[in-house]
Amino acid sequence: MIVAEQKPFLEVFEFVKPYNKVLVLGCGTCVTVCSAGGQKEVDTLTSALVMKSEDEGLKQEFLQDTIERQCDREFIEPLVEQANACDAVISMACGAGVQLLAEMIDSSVRVFPALNTKFIGYTREQGVWMENCRGCGDCVLHLTYGICPVSRCSKGLMNGPCGGYSREGKCEVDSEVDCGWILIFNKLKKLGKLDELKKIMEPKDWSLASTGMPGKVERKDLQLIEDDA
Amino acid sequence: MNSEEVLIIGGGYAGLTTAVLLAVSGIRSTVIDKNERFGGKLAEFDRIYKTEVEPRKVVSDLLEKCKDSGIVELLGNTKLTKVSGAAGDFKCAFSTGDEKWLQSFGAIVLATGSSLKLQDGLLGIQDLEEAARDAKHVGIILSSGGKSSIVQTQAALDRACSLHGKGVEMTVLYQQMRVAGPGLQPLYDKARADGVVFIRYAGKPSISKSDGDFEVEFVAEEVGERVRMRCGVLACEGEEVPSAGAKDLAEMLRINIDGAGFFQKENIYMYQVGTCRRGMFAAGSCRKPSTLEEAVSDAYSCAAQIKEMFAELRDGPPVKAPSVDSDACAFCLTCYRACPHRAIGFDFEKRAVRIFENACYACGVCIGECPARAIKLENGKPKPERAKIVAFFCQHSASETYKKLKAKETNLPDIAVREVNCSGTVEVPDILEAFEQGADGVVIGGCHKGSCRSLTGSHYAEKRSMRIKEVIESVGLEPGRLEMLFVSDVETNELANALRDFGRRLEGRSNGEEES
Numbered sequence: 001m002i003v004a005e006q007k008p009f010l011e012v013f014e015f016v017k018p019y020n021k022v023l024v025l026g027c028g029t030c031v032t033v034c035s036a037g038g039q040k041e042v043d044t045l046t047s048a049l050v051m052k053s054e055d056e057g058l059k060q061e062f063l064q065d066t067i068e069r070q071c072d073r074e075f076i077e078p079l080v081e082q083a084n085a086c087d088a089v090i091s092m093a094c095g096a097g098v099q100l101l102a103e104m105i106d107s108s109v110r111v112f113p114a115l116n117t118k119f120i121g122y123t124r125e126q127g128v129w130m131e132n133c134r135g136c137g138d139c140v141l142h143l144t145y146g147i148c149p150v151s152r153c154s155k156g157l158m159n160g161p162c163g164g165y166s167r168e169g170k171c172e173v174d175s176e177v178d179c180g181w182i183l184i185f186n187k188l189k190k191l192g193k194l195d196e197l198k199k200i201m202e203p204k205d206w207s208l209a210s211t212g213m214p215g216k217v218e219r220k221d222l223q224l225i226e227d228d229a
Numbered sequence: 001m002n003s004e005e006v007l008i009i010g011g012g013y014a015g016l017t018t019a020v021l022l023a024v025s026g027i028r029s030t031v032i033d034k035n036e037r038f039g040g041k042l043a044e045f046d047r048i049y050k051t052e053v054e055p056r057k058v059v060s061d062l063l064e065k066c067k068d069s070g071i072v073e074l075l076g077n078t079k080l081t082k083v084s085g086a087a088g089d090f091k092c093a094f095s096t097g098d099e100k101w102l103q104s105f106g107a108i109v110l111a112t113g114s115s116l117k118l119q120d121g122l123l124g125i126q127d128l129e130e131a132a133r134d135a136k137h138v139g140i141i142l143s144s145g146g147k148s149s150i151v152q153t154q155a156a157l158d159r160a161c162s163l164h165g166k167g168v169e170m171t172v173l174y175q176q177m178r179v180a181g182p183g184l185q186p187l188y189d190k191a192r193a194d195g196v197v198f199i200r201y202a203g204k205p206s207i208s209k210s211d212g213d214f215e216v217e218f219v220a221e222e223v224g225e226r227v228r229m230r231c232g233v234l235a236c237e238g239e240e241v242p243s244a245g246a247k248d249l250a251e252m253l254r255i256n257i258d259g260a261g262f263f264q265k266e267n268i269y270m271y272q273v274g275t276c277r278r279g280m281f282a283a284g285s286c287r288k289p290s291t292l293e294e295a296v297s298d299a300y301s302c303a304a305q306i307k308e309m310f311a312e313l314r315d316g317p318p319v320k321a322p323s324v325d326s327d328a329c330a331f332c333l334t335c336y337r338a339c340p341h342r343a344i345g346f347d348f349e350k351r352a353v354r355i356f357e358n359a360c361y362a363c364g365v366c367i368g369e370c371p372a373r374a375i376k377l378e379n380g381k382p383k384p385e386r387a388k389i390v391a392f393f394c395q396h397s398a399s400e401t402y403k404k405l406k407a408k409e410t411n412l413p414d415i416a417v418r419e420v421n422c423s424g425t426v427e428v429p430d431i432l433e434a435f436e437q438g439a440d441g442v443v444i445g446g447c448h449k450g451s452c453r454s455l456t457g458s459h460y461a462e463k464r465s466m467r468i469k470e471v472i473e474s475v476g477l478e479p480g481r482l483e484m485l486f487v488s489d490v491e492t493n494e495l496a497n498a499l500r501d502f503g504r505r506l507e508g509r510s511n512g513e514e515e516s
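Line by line, the protein sequences give chains D and Z. My numbering puts the first sequence at residues 1 to 229. My numbering puts the second sequence at residues 1 to 516.
Keep in mind the hints are simulated off the structure, nothing from the lab. Just so it is clear, CB atoms sit at the ideal spot from N, CA and C, and this is done for glycine as well. Take the hints with a grain of salt, since some may be wrong.
[Claimed, not checked] Facing chain Z, from chain D, some residues (calculated, C-beta under 8 Å):
1. 9
2. 10
3. 32
4. 38
5. 40
Throw the hints in and build the complete structure from the sequences for me.
Structure (structure tokens):
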């Protein structure tokens, strides 16, 4: 899922300070799972905004709602009217949701992000989320036995490890983080397949990655057929 | 339809006794043991426990009673491999050799015992009888691993008396004489009267061997001097540890273990044989190292509680459980992980969590934690009226305390109390709403941590109060306007003082603001 975390409250408050009527909109999918932008956080943020606004003597009105997903038009559609009647919308979705929302409502209504979208990750334990995919567009997990060198090596090395790992197998960039390549090495060692590490991986084609030009996945077979007749 | 059969894991003394007692009440049970032979420790080391009749006979008597009842099934070489469901209907998967089978049980009793870890190269107390037959002077060191176990103390006192009676000179070194068990004080008194020498030591004794004798050097506490003792035979108290596999079993059943690995952490609100899950019980040494008398008392307690629970479940779920709005549920599993009673499971058809009503204690920790606000519990209790202080008080602790307090005290700050099922159910937005509506201060009152009726409920409340303090500070309110209190239901003075202090602090704050 997409993992995100909230921006500092005052940053969000400053965004909407000049606006009279503000909608706080949560997203019910990934960011609910990682407790960044679900209904509870919407209620929490709205309460905080109301109190801060009153404290500053502003006459603002805050509305709130949470929808299933802000990354699908059909879920946003029912809200467009309400959003257009506001001066600003705070989106508690990931960056994808914020953008689609901004695209769908009047451009005169400002859309502000309440979250910083962090990464694609998993729940390591309740309250702890870890990145384990960087959307490189050319998965090599079959070569590295299920441990991703792109996201789990701080340097994204394809032929690691570098010389910087500690005796405990931690990364030199952050001693709390496991060295991804040591994890790969240990796993292959356990399986008696260390030979496979001797194969040199070719440089990655980063044009396929989500960090390059805007990524696009197109499936002709899934696209709708318009009945123009 | 609920099952009213009981699964007992472990066919030792505690397990078999529980089965016999359940049978007396007409409750069917199945006792499984990973070994072929039943009797647990009692059958394998009949030296540990001193019984009036030979331990083997105790086991065979119990087995006979089980068989005679006609409603106890005994399955050796059998392992429980998986459990799902809840009290009244635990769906259990078993393997007996290569055979795999499923059965539903209404309740589960853990009776997996403990085992004794002896110190390297030293004799255990239970082996003294044989080893000390021809000795002149025998030493026993108790509590060498810190606190003495009652079982080992009993064995030590018993062996000391019997060997002394055979003319052996006996010395028992100890740190704390634990006699808080049935029959232990008289046994200790008898040993002293007979002439067994007891010496309290400090620190760790050093043990060496010379000329075939043991030489023990230790600090005798009464005189504060190092003393040397020679004895022909020396026995040391071993360490009682949970049986192999207890940890895995606890993990599979999702029940808590204490620091040493025994089932159940101590909690004043729980029955001693209870676990965090309704319908799962622990009896005997798997709960804490127990004497035979204690194991019997556990077995009685289990049988009585199971009987009561079955009767209760016949009338439907014991409490009104919260409900899940499956449309709003993000299936994030936060509640599943947080539920102190493991009452939450998956409903893959609805793609949402479900609450097992029979397992639920309606603490509402799930509500407090749910990021989607998809879980609700209507307890019919009205929202508090507006007041200077709004309080969210746990029905088991702070709310009870407050009722008692109000009956005798009038000099309390202006406070509106909302009784909640557990402090752990109070949601962050609930508290913020109270501030929004103009409360000067908010108090959350829950049980003491470690003695919470919902086990971890007040921990959750405390954790959330930290978050709320951050939020209110960011909007310009003093974090001190939120107060988390831990009180038991009898601490009226403590609650009164805390509320008055809080009231005064709030007062001081608003006066201070006016002045500036």
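To see whether the hints hold, each was checked on the structure:
no., hint, verdict
1, 9, "4 Å, holds"
2, 10, "6 Å, holds"
3, 32, "4 Å, holds"
4, 38, "4 Å, holds"
5, 40, "5 Å, holds"
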